[in-house]
Structures are given as structure tokens and as C-alpha cells.
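Just need the whole structure built from these sequences, with the hints factored in.
Number of protein chains: 2
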Amino acid sequence: MNTSNNSKFPLVVIVGGGFGGLQVAKQLKDKPVDVLMLDKHNYHTFQPLLYQVAMGSLESESIAFSLRKNFASQKNFRFRIAEVTRVDAENNIVETTIGNIAYDYLVIATGSTTNFFGNKDIEHYAMPMKSIPEALNLRYSILQNIEEALLKVGKAERDPYLTFVLVGAGPTGVELAGSLAELRNHVLTKDYPELKKEDMKVYLVDFLPKVLGPFSDQASNAARTFLTNMGVEVLTGVKVESYDGEEIKFEGGKSIRTKNVIWSAGVMGVVPEGFDKEVIERGNRIKVDSIGRVAGFNNVFAIGDVAAMITDETPKGHPGVAQVAIQMGQHVAKNIIHIINGEQTSPFKYNDKGSLATIGRNKAVADLGKVKFQGFFAWLVWMFVHLISLLGGRNKVIVFINWVSSYVTYNGGTRLIIRKFEREGLTENHHLPNTVD
Amino acid sequence: MNTSNNSKFPLVVIVGGGFGGLQVAKQLKDKPVDVLMLDKHNYHTFQPLLYQVAMGSLESESIAFSLRKNFASQKNFRFRIAEVTRVDAENNIVETTIGNIAYDYLVIATGSTTNFFGNKDIEHYAMPMKSIPEALNLRYSILQNIEEALLKVGKAERDPYLTFVLVGAGPTGVELAGSLAELRNHVLTKDYPELKKEDMKVYLVDFLPKVLGPFSDQASNAARTFLTNMGVEVLTGVKVESYDGEEIKFEGGKSIRTKNVIWSAGVMGVVPEGFDKEVIERGNRIKVDSIGRVAGFNNVFAIGDVAAMITDETPKGHPGVAQVAIQMGQHVAKNIIHIINGEQTSPFKYNDKGSLATIGRNKAVADLGKVKFQGFFAWLVWMFVHLISLLGGRNKVIVFINWVSSYVTYNGGTRLIIRKFEREGLTENHHLPNTVD
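First to last, the sequence lines map onto chains C and X.
Just so you know, we're using our numbering here: the first sequence kicks off at 282 and counts up by one.
Just so you know, we're using our numbering here: the second sequence kicks off at 282 and counts up by one.
Rather than coming from a laboratory, the hints here were simulated on the basis of the structure.
There may be inaccurate statements among the hints.
All copies of an identical chain are treated as equivalent in the list; a pair is satisfied when it fits inside any one copy or across any two copies.
In silico lysine-lysine, BS3-like type, Cα no more than 27 Å apart, as pairs [unchecked claim]: (1) 401 / 701; (2) 530 / 436; (3) 615 / 597; (4) 653 / 401.
Here is the structure:
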């Protein structure tokens, strides 16, 4: 490919424009390096609000931001739409869908994708939600199934289309369950006068005994109470056995007939080919040392969801959250500059600022260190933090207006089926260029 | 299908939720009829702003509005996502993708689609822009081709990707040409620092001797001057001969090498099967009488772009503009009520409020009856008229913010490639349910 690098500065190639990759590039501004970012999309996705895109409350472009536009003023930054198919670290080359690229330093920031734990049926029939195309597929699938329900005669035939089973009670599952409950409670009978509130059912399932596993018990209990009061059936300590597109079966014999299974029960790293099995840790993550470097190489780094920084303090690595990616990205960029300048590198220390999750209108939970609170104030904090974290002033204003409009009307969002969803090409393929997204 | 009609009121089936269909349904509110609207999308499209979606200046959902939400408070209104495959007017039945539906009154409001005048090559390789999925395809195609240009070495290989040929100098062609010129003049070198302004070329082609054919000479000349000053090459009196995806050839021997041909040179009505050839007029429109009724039937009507109301005063029918569809829709609804009440129907009279077209920043033309003006004030009028015509307060606010942001920054819009565009399934298929949109 034509990414001719005529400058005498070393070239840092960043693979992925997520929370981590973004920070690496930003930190390298005005430094004596050239930066080339590769991403299969030309935008950064603000993943924490993906579920609102899936629910039709926000437009996809309100939570996405052009990577080119974001770095338009950074002179040493270039961008290409490309997927990395293989890393040839021996020869300092990444093989991509637009050709081979020689790097001086490489940062793998490819993030994670949905983990179906090898169950092909579930992968085929359940809906994932880790990218904007997937969130849109989910939206269209939900809306199409409600439309389909209107065409069915009789409760037995209709019920599966209006039954929603969310597997995985982490923040994503909880947020989706809350939103679906609000859809049922406030919108369903307005948009579909043929239906009754009771026709729609929302289940939240997790194999752990609590919702919001990594949160405090206080937050977890509050979230469960909020959900239950909104009409969500919370099933914890329940393991999914199978799903065939018609019926989801759980260990122990219980089952639910549903056309809508949404899977947020786990993630795994998106690792390009070319790495030895020895450096791949649990969750398909690349093992890095305390400065963020992949074992065996001086100039290859991994950050965020795709990295497992195994140290004495973090024997399992860090949690797969935006804050880890952001802080690791900043830190690794600094270490790269240290290495170039012949200075001492420093180990990464994660500064955990706490966790937030929202359940719905006026309802959220916040674990901020020792300060824990739930309800209206947590919800305000949640909104504030997410609004200021969004890239772009226009996006901030538009998301804010959408939220105000939804809050006032109880009937936000547009719920449009712009493109018909079909099951082919459901998940994003991470190694071929010509996929559905 | 289950659209059981237990009421004793006659059922009016409206096919299409465009400008015309919307008005029919609205006028029938609180009248002694049941209304069933069918559309293949669950939203109304505000077509006059489609070009801004194609250019990435507006999000698709800002110019679309949920049909269900719009009629949520109208008790006699029901909606189904469906395509009409055939009209069996002898038996008062429409055959649809969700089953057969018996009607008492039928209003065909299916609008128009791009007319390629039978040229299969052009249909395959040129981009149309008559629906939101098509506008998004166009956006992705433009952005992908600019990305592709970055990968090409040498001017000869690169130029076709950065050359844009707009065929058809009606309002759509003029608006797209102006927007592309602004993209080149204000955005190109910011987003793609590897490129120079001069690398991108925009041509506007029409076989008529003037741009904006139906407008006054004053408006037409002003538009041409605006475009030329912005760097658009305007080629009038030029007829397209062929396009093979690489080179567009014109009668007389001239040709342009380009990967981007955008076709807005004509439209034709979208007519369901089942109508006799005798009632199909030029432009594939259904011939209707002065009250809007299809010849030979007492209870079948057609309105808007798909209707050709041939009378002594309008020997060619009416122009294919939103105002005609809106006024015809209102009028036909009233005539249906007259017929039901046994009252006298009245002939349709079009009240031409005038024409507006925008070319770009501070530049528009207005022909309002005898009042004709161009420039900044026309541009303000254009924005005002389009903003108040948009459905939904949220949409109005969001479009307004986008416009203000674009005006202030010279760099509006997000230009995201949410889904990769591929040539398969380029145009919307009007008779099969499982197409790409």
C-alpha cells in the first residue's frame, strides 16, 4: 500500500481506534514519531451507549466519531481503513487488507468481541451487541419481531416474538433489560395499539448468583430491585444450555420460547494471526508485561480488552472496561517515547475510578471507591460522565437533546428499520474485509 | 394476514407513507372510516433532504419519522410493514407480502423511483438516490472511493476515484453538485491531508440546455453562476451514451473517467402489478381523473408521483413534487368522504406555491410565483421552509443544530461508513420483500 513514510521519524502503527488506540495516537502528538492508525471502520465507537442505539433511543452517528476528523489537526497522524490479518513481528510487518506495512513500533488495540464459548447454535441464533452494525442489527431484529407478532393469530404463536431473553447480567445486559422494560411500560401500546403491555416479557439471565457481578452487593441488590419493579424477570444462578432460534434451554430443565435472545455473557480478545500460543491468555488476550509489551518483542505492545497484563498484583489482568484501555493507551505511548529517547520505561498502574451502570429513568447505581449510591443521583452522575466522555461537541448536544426529549415525553427515539435485518452476516467477521458491516 | 376489521366502517387502504399517503391518513382522522396504511418501511422519508444524508451532513434518522409514532393518537389508523405485489381491483383486494387484504377504498401513493430509461449498464454502475438506504449507499460509496484513492499511486490511477459526475441538473443534481464542491473546498484537505483540493473534480451534466429546467431563467442562470464559482463544471446540452463503471461517454465523443456517477436524470412511478396497460401513462404513472380516481374503478385512487391526472388544463399531469402529493392527498381523502356520504365530489386544483433549490452556503434560488430572488435570502427561506416541513420537533431541533454547526465550522457532518457499500443490491427492489434495505 501507498503509506510511504519519507520522514526520518520512527513509524508507530496503531491497530484499532477504540478507547485505547485513540489515547496512544493523542499522546504521540508533536512527538518525534509518525503515527499510522488502522481500523476497519473510519470511526471511533463510544461503546457504553451502544445499547441506546440498539433500542432506537440514539442514532448510531451520535455515538460514533470520525477518526480522520478527530485527528485532523495532528500533523504526524495518518489513518487508513484496513484490517490486520497477520502480524509478522520477526520482520516488523503487519499484513493487512490494503497490503503489508512495515512498522518500527506496533500497538495492538483491537479490543474484544462477543464470546459464545464455542456454542455455534447460540452464535448463529442469538444477537450480539459489540459494534454499531451489530447494535443496528439488534434494533431491526427487535422491531421486526414486534411487527411479526402483529401478524400472528393466537397467544402461543405470538408470544415468542414478544419475549426477550438477555443472557449476561453485566452492565450491558442490565441496561438492555431496563430499556426493554421501559419500551414495554411506556411505548408498546402507543406504537402498537393492537398489543397489551402484558404481551411483552423481559428476562435477564446470568449464571452468577447476582446481577452486575463485579459491582458491590449494595449496587447489585439495588439494580435487581429496580429491574424487578420495572417488570423484568431476573433469573440468576441459571446456566444456558442451548438455543435453537425457537427455545432457550437452561440447565435443570427450565426453558423459554423466544425469538429474541441477546447475548452479552462474555467477551474475548480480537487477536490477529501470527502470535504464538504461549502469549495467548484466558479470554483470547495477548499477554503483556508490566510496561505493556508483548513477551519476546521489544517493539510490539497490546492494550485494553485485547491485552492481559499479568503481574503479581494483577494475576488475571485488568477488567475489560474503557478506563483500563484509556489509561493503558496513555501509558504505553509514554513508554514508546521513553524507549525512543533511551529513557527508563515505567510499569503501568491502573487507577480505578469506579463503576456506573444505569437501569432506566432516574435509576442507576454507582460504586465510586468507598462511596456507593443508587437511584436518581447516580443516574445524573451516569448521564454527566457519559455525556462529557463522548467525542465531539455536536454529538454531546445531540445526545443531550435526545435524552431530554425522551425524559419529557416518555417516548424517545425513532425506532426506524432503515435496513431489513437478515440472519446472514449477523456477527462481524474480524478477519475478512467484505463482511456485512 | 391478521388485520381483522371488526368495525362497521369502510376500510381505506393507503399504499405508501410518503408526502401524499400521510395526508390521506391525516385527513381521515375522526371520520367514519378505518384506515390501514402499508409501507415497506416503518418510516416517512423527508425526500428533499436526502442529499444531505448522502453527503453525511445529516443522519438518516433526522429526516425520517416513524409512521406508527406519527399516528399514535389517531384511533382509526393502523399500520403494517408490507409491500403490495398486485392489485386485484375487480375483487377489491390488494395482494401483499403479508397476505391478501380486502379494501373498500384504495389509495395508491407509492411514489416514484429512479428512471434509468432502460440502460442496464447505467442502472448497474450509477448510483441512484431516491430512498434512505440508497442515500446511505451513495454516502458510503463516495467515502470508500476517496479512501481507495489514497491507496493509488499516480494521478491516472487515482483521478477516477476523485471524479464525480452528476447526471441530471434538477434540484437533486444541483444540490449534490453544490455539496460535493463544498466538500472539496472546505473539508477534503482537512480529512485527507494526503490530497489536494485540485485532485477532486465535480461535473454536473444535463441533456437540457439549462440547469434547473422547470425554474425561471433568472433562477437557472443564478444557479449556474453559483455552481461555476464553486468549481463545478456544468455541462448542459450533453446526452449520456454509456457508463461501464470506469468511463462515462457522451454523445459527440467526449468522455470522463470516473468511479462515481450519480444518476438523478429522471423518475418513474412505482406501479403495483394488476393495472391494465391502458391506464399507464408516460413515466409509468397511473392515469386518474380530475377527482383522483383510476379510470374504470369507483373506489381506487392514485396520488402524487405515481399519478398522472390528465385533464384539459394539465395534459401532462402535474410535476412530481411534494406539494402536488400533499395537496392531492388531502383532496382525495375529502373526495372519499364525499363518496361515502353520498355527496358531490370535487375536481383537484393544484395551488403552485413555487419552487426552491439550494446550491450551498448562503446560495439558493427561489421562484415564488412572480417573486423571484436568489442568494442569501433565498437560502434562509429554503432552510426555514424545509425545517418547518420536517416531521417531529426532535428532528427539527437536531437538523437545525447540525446546520448551525456546519455553518460555523465549515466542516459539518460525520462522514461515517457504518456499513460497507457493495454493488450487489444497489437499487431497492420494489416487488420483493427480502432486498437489501
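One pair to classify: residue 615 and residue 597, alpha carbons no more than 27 Å apart. Within, between, both, or neither? within (24 Å within a copy, 71 Å between copies)
Intra- versus inter-copy proximity for residue 401 and residue 653 (alpha-carbon distance at most 27 Å): neither (40 Å within a copy, 65 Å between copies)
Treating 27 Å as the Cα threshold, decide for residue 401 and residue 701: within, between, both or neither. This pair counts as both: shortest intra-copy Cα distance 23 Å, inter-copy 25 Å.
Within, between, both or neither: how does the pair residue 530, residue 436 come out at a Cα-Cα threshold of 27 Å? Classified as within; 20 Å inside a copy, 60 Å across copies.
Taken one by one, the earlier hints fail for this structure only at number 4.
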